[in-house]
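Full structure from sequences and hints, please.
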Amino acid sequence: MKGNADRPADRDLIQRIETRLKQLGLTEQELAGQVGMSPHYLRYLIESGADFDPGGFLRVATALGMTYRELREGPGDAPAGRRGAASHPVLVKLTAKECWERLDTHGVGRVALPAHPGPRVFPVNYVVDGLTVVYRTDAQGAAAVEPGGEASFQADRIDEQRSVGWSVLVVGTAEHVTDPETVRHLAAQSGGEPWAGGARDLLIRLVPSEISGRRIHDL
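Mind the numbering: the sequence shown is residues 8 to 226 in this note's numbering, read in order.
Just so you know, the hints here were simulated from the structure itself, not pulled from any lab data.
Where hints are given, some of them may not hold.
Now the in silico label distances, taken between C-beta atoms and shown as ranges [what the hints assert, rightly or not]:
hint, residue 1, residue 2, range
1, Ile-21, Ala-149, 39 to 47 Å
2, Leu-65, Asp-145, 21 to 29 Å
3, Ser-219, Ala-195, 28 to 36 Å
4, Gln-147, Thr-34, 35 to 43 Å
5, Phe-59, Thr-102, 18 to 26 Å
None of these values were measured; they are calculated from a predicted model.
All C-beta atoms, glycine included, are put in the ideal place defined by N, C-alpha and C.
Dropping the structure here:
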């Protein structure tokens with residue numbers, strides 16, 4: 008492939024795509040059909056780079072089974088936890104106040120619901136409201152739980168470069184948020200909109216009976 012007149016082709020990007028096509032047993036023409044582009048436009052997009060058509064570039068990444076960043080920049084660091092421990096690791100128990108402070112800095116966690124033969128765990132966007140965790144879901148969805156039902160919630164953060172991080176676990180019971188004013192207030196909070204999209208009108212509040220957390224850092 009040659010670059011367009013305004014911009015030289017990114018040879019590394021082209022190589023990543025060619026390598027991935029071989030791994031998947033696809034031709035460039037077949038890839039073009041999967042992403043809804045003409046072969047000519049696909050070649051032009053690849054030669055021009057992601058900035059030319061970010062939406063189209065994302066469709067290409069998805070069809071190749073790669074993230075947008077992986078396709079654009081190449082493989083990043085190894086998956087979390089593959090690096091060694093810190094030089095002098097120390098594990099510290101977090102106070103309840105420290106747990107809530109850390110939860111309030113994040114927007115994605117995991118809710119675990121009782122099920123047979125084992126609990127079901129779902130990633131959810133969430134907001135901290137007072138000393139509770141609130142997430143939005145579909146009333147008929149897998150992450151829905153009846154009022155009074157037991158549930159647990161966990162969020163964490165890992166700094167892979169320094170091998171440090173924290174984890175917080177909340178255990179409690181669920182409430183359905185139905186007060187219109189409260190619903191409007193929570194809907195306006197940053198992080199309250201589910202990434203999955205769609206009509207997810209049920210707000211579930213997890214009222215804790217227990218909260219605990221751990222932090223690991225390096226001396």
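The hints, checked one at a time:
1. Ile-21 / Ala-149: 39 to 47 Å: Hint holds: Cβ distance 40 Å, inside 39 to 47 Å.
2. Leu-65 / Asp-145: 21 to 29 Å: Taking Cβ atoms as reference, Leu-65 and Asp-145 lie about 25 Å apart, which means the hint holds.
3. Ser-219 / Ala-195: 28 to 36 Å: Check passed, 30 Å falls within 28 to 36 Å.
4. Gln-147 / Thr-34: 35 to 43 Å: 41 Å, holds
5. Phe-59 / Thr-102: 18 to 26 Å: Taking Cβ atoms as reference, Phe-59 and Thr-102 lie about 50 Å apart, which means the hint is violated.
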